[in-house]
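There are 2 protein chains.
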Amino acid sequence: MIVGVLGAGQLARMLALAGRPLGLDFAFLSPDPDSCAAALGRHICADFDDEAALARLAADAAVVTYEFENAPLAGARRLGERVTLLPPAPALAAAQDRLEEKRLFRALGVETPTFVPVDDPARLADAAGRTGYPAVLKTRRMGYDGKGQAIVRDEADLEPAWTRLGGAPSILEAFVPYEREVSIVAVRARDGRTAFYPLCENTHRDGILRLSVARPDDPMEAAAQAGARRLLEALDYVGVLALEFFQVGGRLLANEFAPRVHNSGHWTIEGAECSQFENHLRAIMGWPLGATDPIGWAAMVNFIGTLPAAAEVLALPHVHFHDYGKAPRPGRKLGHATVRADSAEDVARIVPELLRLASS
Amino acid sequence: MIVGVLGAGQLARMLALAGRPLGLDFAFLSPDPDSCAAALGRHICADFDDEAALARLAADAAVVTYEFENAPLAGARRLGERVTLLPPAPALAAAQDRLEEKRLFRALGVETPTFVPVDDPARLADAAGRTGYPAVLKTRRMGYDGKGQAIVRDEADLEPAWTRLGGAPSILEAFVPYEREVSIVAVRARDGRTAFYPLCENTHRDGILRLSVARPDDPMEAAAQAGARRLLEALDYVGVLALEFFQVGGRLLANEFAPRVHNSGHWTIEGAECSQFENHLRAIMGWPLGATDPIGWAAMVNFIGTLPAAAEVLALPHVHFHDYGKAPRPGRKLGHATVRADSAEDVARIVPELLRLASS
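Note that the protein sequences, when read in sequence, are chains A and B.
Under our numbering, the first residue of the first sequence carries the number 1, and numbering increases by one thereafter.
Under our numbering, the first residue of the second sequence carries the number 1, and numbering increases by one thereafter.
Just so you know, not all the hints are guaranteed correct.
Under the rule of at most 25 angstroms between Cα atoms (straight-line distance), these lysine to aspartate or glutamate pairs were calculated in the DMTMM-like manner [unchecked claim]:
id, chain 1, residue 1, chain 2, residue 2
1, A, 333, A, 157
2, B, 333, A, 25
3, B, 326, A, 25
What the simulated footprint calls covered on chain B by chain A, stretch by stretch (three residues with Cβ under 8 angstroms from a Cβ of chain A suffice, anywhere in the stretch; the number is not a length) [what the hints assert, rightly or not]:
id, region
4, 17–28
5, 241–253
6, 278–287
If you're looking for bench data, these hints aren't it; they were derived computationally from the structure.
Ideal placement from N, C-alpha and C gives every residue a C-beta, glycine not left out.
Given the sequences, and given the hints that come with them, work out the whole structure.
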């Protein structure tokens with residue numbers, strides 16, 4: 001059976017590596033001839049809105065999924081008329097628009113930072129009056145890895161921020177003096193069963209995830225699960241979803257969700273009984289979910305822009321290397337390494353070594 | 001970097017699945033256009049002794065390895081003149097010939113069952129005088145999965161057995177009333193470092209491995225490791241090697257070795273810190289070895305001839321499915337499942353369920 005994937009980057013690649021042992025073949029649609037997943041399936045090299053390419057993807061596939069939330073919605077919806085598209089299109093729609101996303105959170109009783117929609121620069125000062133300073137101006141669409149965002153420290157920053165983001169419809173959001181960023185990776189099966197991986201503590205640099213540490217039995221786990229569960233059920237979701245929060249005091253404020261496997265869940269390949277990639281495939285195929293229990297302790301470090309030599313990474317104990325096979329480019333996610341060990345102390349001892357390799 | 005592989009079956013496939021995350025690409029040489037590893041790399045579809053194909057494999061590869069010990073030795077040696085071939089050709093030579101193999105065991109002080117070379121049917125009775133009855137007549141070459149063997153219960157069986165095996169040069173071996181069959185999977189790096197996975201207890205049916213159960217801290221582990229270590233060092237071996245024994249009383253009698261990743265090591269994908277597949281690649285690439293420590297308890301069941309539905313396998317707790325993507329055929333290894341859990345009891349509880357699926 002063939003799983004069709006919109007996108008052919010590292011998430012698609014890791015889906016294929018998880019899916020091959022399950023007997024699944026893969027077809028990827030992406031416009032980049034050098035897509036790093038291409039070697040692991042059939043690559044339909046075309047734009048995401050190419051009608052003929054979408055038809056080919058649908059014709060071959062038992063189910064179609066996507067590896068990024070900015071897949072053109074119209075194309076995804078047309079795909080969904082021809083073949084089962086999972087996660088369902090409404091999840092994609094909500095995740096593509098920061099305003100819809102935040103309104104959905106609110107409607108579900110999931111707390112968020114204060115936000116105000118801004119379509120018109122004349123309304124910026126009003127909006128800032130409600131959020132206070134500092135605030136963050138974020139375009140409603142096409143934001144990821146810190147893109148489409150600008151910090152606003154005072155009134156003088158408002159107009160330049162608006163211009164910098166191209167005058168696109170945006171939201172102004174209160175800047176949250178968070179203590180930490182956490183995420184929860186969840187999965188929902190076709191039959192409605194859900195499962196949750198342990199909460200993950202995330203550190204970003206320049207807007208890009210740098211480090212994720214799994215925190216089994218974190219005190220905020222129940223709150224994060226409750227939010228994710230509401231989202232999964234409201235969207236009649238099938239597949240893996242990641243929900244990111246800012247933690248402020250004892251509260252979690254939802255920042256955004258990703259309707260797909262997520263960078264903060266890469267540690268589950270070695271650190272959980274069934275990885276997020278396998279569980280996403282199990283869910284969309286209508287198969288029973290695998291256990292999300294952690295196996296010991298784990299953390300993941302991203303390699304961004306440059307990749308250390310394999311021999312250096314593999315010399316570290318308890319470490320698993322993931323080279324995505326991508327050409328180096330500043331700011332590009334080229335790989336990651338996961339450290340998994342039987343004690344949190346061992347993980348904590350090795351993470352700085354990995355961060356050193358990631359920075360060199 | 002490209003790893004060349006002689007063979008493109010499930011072992012090659014699992015090598016590729018382990019190697020892709022390490023940044024390795026693969027080229028496979030095999031004559032079967034439907035080879036199940038082909039989708040995971042470049043497939044050079046040609047006979048193993050095809051000079052031009054061997055040259056193409058060598059030209060592309062940083063190192064060449066093999067997934068089966070019956071690769072034509074002359075071709076392998078010619079490859080070795082052009083590119084690094086690992087494990088080294090002498091290991092391949094010894095493993096291809098049961099007589100050389102057993103003589104090597106003896107020379108290294110590794111006990112074996114009594115064996116007598118037989119090139120001439122007129123010498124069969126003499127040989128049986130030394131082994132006693134029952135005995136097993138085994139061709140020196142091309143034996144695997146119980147092929148090339150015939151049980152000899154008394155003198156009347158000798159001639160028919162000889163005829164059935166085609167009159168090929170053989171050995172007559174004392175039939176060992178073993179209590180169990182065990183194997184040890186070992187790995188040796190280019191720098192001479194060695195590591196050993198826990199001893200594995202194996203059950204065969206019709207000559208084909210059916211069930212392997214990892215036995216961490218088995219009382220025979222030290223003896224098995226000592227034998228494997230002598231073999232690794234004598235052959236100046238690089239890569240993964242499996243050594244199989246019969247256990248009789250407190251003694252291990254070496255049966256055969258495989259100069260490659262081995263079916264009794266498949267459980268290491270989920271059940272050990274670094275799998276036999278990754279460790280084979282680390283070794284032949286000259287990278288540091290990964291830890292061979294078990295993670296909890298594990299067992300593996302082969303699916304032979306027929307493959308259960310994925311949904312049935314995945315409904316079992318703690319189970320990992322491996323569908324090799326091969327067309328069903330009686331006696332053919334089509335896949336396996338590994339159960340890994342934190343207790344030996346959980347593993348023991350689930351193995352019968354897997355065996356039931358494997359038999360249905």
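Okay, the hints, checked on the actual structure:
For the hint linking residue 333 of chain A to residue 157 of chain A, the alpha-carbon distance of about 30 angstroms lies beyond 25 angstroms, and the restraint is violated. Annotation: proposed proximity of residue 333 of chain B to residue 25 of chain A holds, straight-line Cα distance about 19 angstroms (limit 25 angstroms). Between residue 326 of chain B and residue 25 of chain A the alpha-carbon distance is near 13 angstroms, which keeps this suggested pair within the 25 angstroms criterion. Proximity of the region 17–28 of chain B to chain A, defined as three or more residues with a beta carbon under 8 angstroms from a beta carbon of that chain, is established by the 6 residues found.
Coverage of the region 241–253 of chain B by chain A is violated in this model, with 0 residues showing a Cβ closer than 8 angstroms to a Cβ of that chain against a need of three. Only when three residues or more bring their CB closer than 8 angstroms to a CB of chain A does the claim for the region 278–287 of chain B stand; here the count is 4, and the claim holds.
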